[in-house]
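Number of protein chains: 2
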Amino acid sequence: MTVSSKVATSMKKSSWIRRMFEEGEELKREVGAENVFDFSLGNPMMEPPLAFKQRLAEVVKQQTPGLFRYAPSDGVIEARAGIAEFRSKETGLDFEPEHIVLTCGAAGGYNVALKAILDPGDEVIIFVPYFVEYLSYIDNHGGIRVPVETDENFGIDFEKLEAAITVRTKAVIINSPNNPTGRVYDEEMIRKLGGLLTAKEKEFGHEIYLLADEPYKAIVYNGKRPPQVFDHYNNSIVITSHSKDLGLPGERIGHIAMRPGIDEFAELRKAMVFATYALGFVSAPGIMQRVIAALQGVSIDVDAYRRKRDMLCDGLAKAGYKFYRPEGAFYLFPKTPIPDDVAFVRELVKEYVLTVPGSGFGRAGHIRISYCVEDNTIARALPAFERVAKKYGLKG
Amino acid sequence: MTVSSKVATSMKKSSWIRRMFEEGEELKREVGAENVFDFSLGNPMMEPPLAFKQRLAEVVKQQTPGLFRYAPSDGVIEARAGIAEFRSKETGLDFEPEHIVLTCGAAGGYNVALKAILDPGDEVIIFVPYFVEYLSYIDNHGGIRVPVETDENFGIDFEKLEAAITVRTKAVIINSPNNPTGRVYDEEMIRKLGGLLTAKEKEFGHEIYLLADEPYKAIVYNGKRPPQVFDHYNNSIVITSHSKDLGLPGERIGHIAMRPGIDEFAELRKAMVFATYALGFVSAPGIMQRVIAALQGVSIDVDAYRRKRDMLCDGLAKAGYKFYRPEGAFYLFPKTPIPDDVAFVRELVKEYVLTVPGSGFGRAGHIRISYCVEDNTIARALPAFERVAKKYGLKG
Chain A
18 MTVSSKVATS MKKSSWIRRM FEEGEELKRE VGAENVFDFS LGNPMMEPPL AFKQRLAEVV
78 KQQTPGLFRY APSDGVIEAR AGIAEFRSKE TGLDFEPEHI VLTCGAAGGY NVALKAILDP
138 GDEVIIFVPY FVEYLSYIDN HGGIRVPVET DENFGIDFEK LEAAITVRTK AVIINSPNNP
198 TGRVYDEEMI RKLGGLLTAK EKEFGHEIYL LADEPYKAIV YNGKRPPQVF DHYNNSIVIT
258 SHSKDLGLPG ERIGHIAMRP GIDEFAELRK AMVFATYALG FVSAPGIMQR VIAALQGVSI
318 DVDAYRRKRD MLCDGLAKAG YKFYRPEGAF YLFPKTPIPD DVAFVRELVK EYVLTVPGSG
378 FGRAGHIRIS YCVEDNTIAR ALPAFERVAK KYGLKG
Chain B
18 MTVSSKVATS MKKSSWIRRM FEEGEELKRE VGAENVFDFS LGNPMMEPPL AFKQRLAEVV
78 KQQTPGLFRY APSDGVIEAR AGIAEFRSKE TGLDFEPEHI VLTCGAAGGY NVALKAILDP
138 GDEVIIFVPY FVEYLSYIDN HGGIRVPVET DENFGIDFEK LEAAITVRTK AVIINSPNNP
198 TGRVYDEEMI RKLGGLLTAK EKEFGHEIYL LADEPYKAIV YNGKRPPQVF DHYNNSIVIT
258 SHSKDLGLPG ERIGHIAMRP GIDEFAELRK AMVFATYALG FVSAPGIMQR VIAALQGVSI
318 DVDAYRRKRD MLCDGLAKAG YKFYRPEGAF YLFPKTPIPD DVAFVRELVK EYVLTVPGSG
378 FGRAGHIRIS YCVEDNTIAR ALPAFERVAK KYGLKG
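Chains as they are written, first to last, in the working numbering: chain A, 18 to 413; chain B, 18 to 413.
Be a bit skeptical, because a hint or two may be false.
Any copy, or any two copies together, can satisfy a pair, since identical chains are not distinguished.
As the list claims (entries may be wrong) - 35 Å max Cα-Cα, derived DSBU-like pairs, lysine-lysine:
#1 K23 x K177
#2 K23 x K209
#3 K287 x K412
#4 K367 x K287
#5 K209 x K177
#6 K78 x K106
#7 K78 x K45
#8 K30 x K219
#9 K352 x K287
No wet-lab data here; the hints were simulated from the structure.
Isolated chain A (complex conformation):
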């Protein structure tokens, strides 16, 4: 075997998604990219905010001596201090720079955190539908994936969650605002989750880490800020990036924030620093660390995303689609009128509309529509969505 058989198997399993992407690319070449409505990727089309561009220009212009040297693997003090200060203000907790580890995006952060805590056979709970890369992240470090179904509105089903927690449960991953559903957990849900995990920690006599994946936290539409996991559970760790709030997914900059007072903090922090080196990240990119230090709380124009959500939701509802109206992020996860979501996605492709089957997120019978696209793309695609809906007997 040339390549790793484990990797070959994973690639085979996901190959239908890739094939679909390739078909999409093929289609763009055939009919011209401008005629294809691509809702398949969560690649924000919005440019970073002005404050970011100004700050980047400043940092590059100053070129402080040593700017490009190795950064400490937990991050430069300037960035850790900036983030800690912001988090302290947000939560009223006493975040110090040492509670922060800069990472290569949230994806890098997840690998660092899971490497730091997992031993082979440790279980990690994820909620269905899930961001598909969690499967790799958990498996990379010998963990066992434990998918737990959510309720019909993609909220936590506490009976199912409780049944899934065992003595081997080491972590629970939540992602709110959610990819692929756009669901935002409310305060009560986070409080209940914290309560359950606290009880289970007592029952089993060891830590269960709550890993909160929050890259979409700034992108919410109801005017309310999402609840702080830190308010409701001691062993909570937030993992996030500036890919979405500052529109910087190409720059790979994010961080891990450990709750002040988290159990075994010193050991945990050392393990994360070790994992940053051992996994080959070494450190988060240096210039970006300096740039984001002063931009905590800054974000792109969220109202533009709200407008897109409204256009898309109103249009699809009119065409008869059923869905949970998202409160955040830039994804919609409607039901398909037939159980076979892959077949339905193929029908949409015939109309030059690219989406992703829900099966790719562990839940068939749905599709994911990423609406981080131009308004015009939504407007022009709606009639196509409607035609396909009609074909399957949906009524507006």
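Fit chain B to the supplied structure of chain A, relying on the hints for placement.
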């Protein structure tokens, strides 16, 4: 157990090195950093070349729309094309952009390549003394580390190498110019290595990848360019970064180059792209990809490092130290006059000189001196090196 026991064990094993660093930091606080001669880290003190600074300013100023969006996980075409063109010129081989995968430094590149090829139990050969992080990189992906001793000049001992290759050998890692020894393999050594691996591939009926770690390739002192592994072995993969040649270790930018004609290329390339995602790198940082695209072959002033090498080597030789005079990189790996290198390093600390014990690289009885420091630091530290030498009976 709060943190991974595997990680806890690895941390414990390496804790004496960390303790030594901490003692160094402590010392700096006590007597002032300017009074401590720190040869412990390979953190280049030279600023990046002017061409880099100009190019960075240009890229940031242009701010092409979409500049900050997700980059393809193999890298932006501009960067892959620039690197392929440079490698084609260098080697006469036909490198295409598809042979290149941009990575988060060489450390990221190693993890991507090893994830792509290793199954649990596959063996990876490394040469002693070795860059200590190889131990983590191999272990991360289930590989078995097979350390092979080098000859007295840190060259490949082909008898020992041949004896170490088994049916489970999946890869051999070389690092020339070498960290920690500064040794540069000559053409004959690479040719012989290629011949042996080709024979072993035939014997065992599967690929053995040669992974050449080349971040120091531009830093050589004899005026000759180091040999191209691509000239001597088909299944060779170069993994490198711009941390040393452009002085950019904080920016985490590097690449993997697969030899045109490498076996099972399509599958291997797909596996590397998959690994880039799965490990959470997602892509190499985007702006830096654009910046280095046009800077292939550009490097910092190598002659400055040659001058430092000469100062250090001449001074230490005069004091009676025995060592292999390095032809490249910025490390010297002298023998210690007593077998206990840790004790010897501690003696140097008493003179405010920080170095790393050879044991940290798998070879006791030596120390590593990183001379990517100011000339003045070398000049001021030489008397201290001499005093400690005298204490142990070395004679200049």
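Evaluation of the provided hints:
1. Within a single copy, K23 and K177 get their C-alpha atoms as close as 30 Å, and across copies as close as 31 Å, so both meet the 35 Å cut-off.
2. Within a single copy, K23 and K209 get their C-alpha atoms only as close as 38 Å, which misses the 35 Å cut-off; across copies the closest is 33 Å, which meets it.
3. For the homomeric pair K287 and K412, neither the shortest alpha-carbon distance inside one copy (57 Å) nor that between copies (43 Å) is at most 35 Å.
4. In this assembly of identical chains, the alpha carbons of K367 and K287 lie at most 35 Å apart only when taken from different copies (27 Å versus 52 Å within one copy).
5. When the C-alpha separation of K209 and K177 is checked against a cutoff of 35 Å, the pair qualifies only within one copy, where the shortest distance is 14 Å, while the shortest distance between copies is 61 Å.
6. With identical chains, the CA atoms of K78 and K106 are at most 35 Å apart both within one copy (30 Å) and between copies (34 Å).
7. For the homomeric pair K78 and K45, the shortest alpha-carbon distance between copies (31 Å) is at most 35 Å, but the shortest distance inside one copy (40 Å) is not.
8. When the C-alpha separation of K30 and K219 is checked against a cutoff of 35 Å, the pair qualifies only between copies, where the shortest distance is 32 Å, while the shortest distance within a copy is 38 Å.
9. Proximity of K352 and K287 under a CA criterion of 35 Å is satisfied inter-copy only: 32 Å between copies versus 44 Å inside one chain copy.
Consistency with the previously given hints fails for number 3 only.
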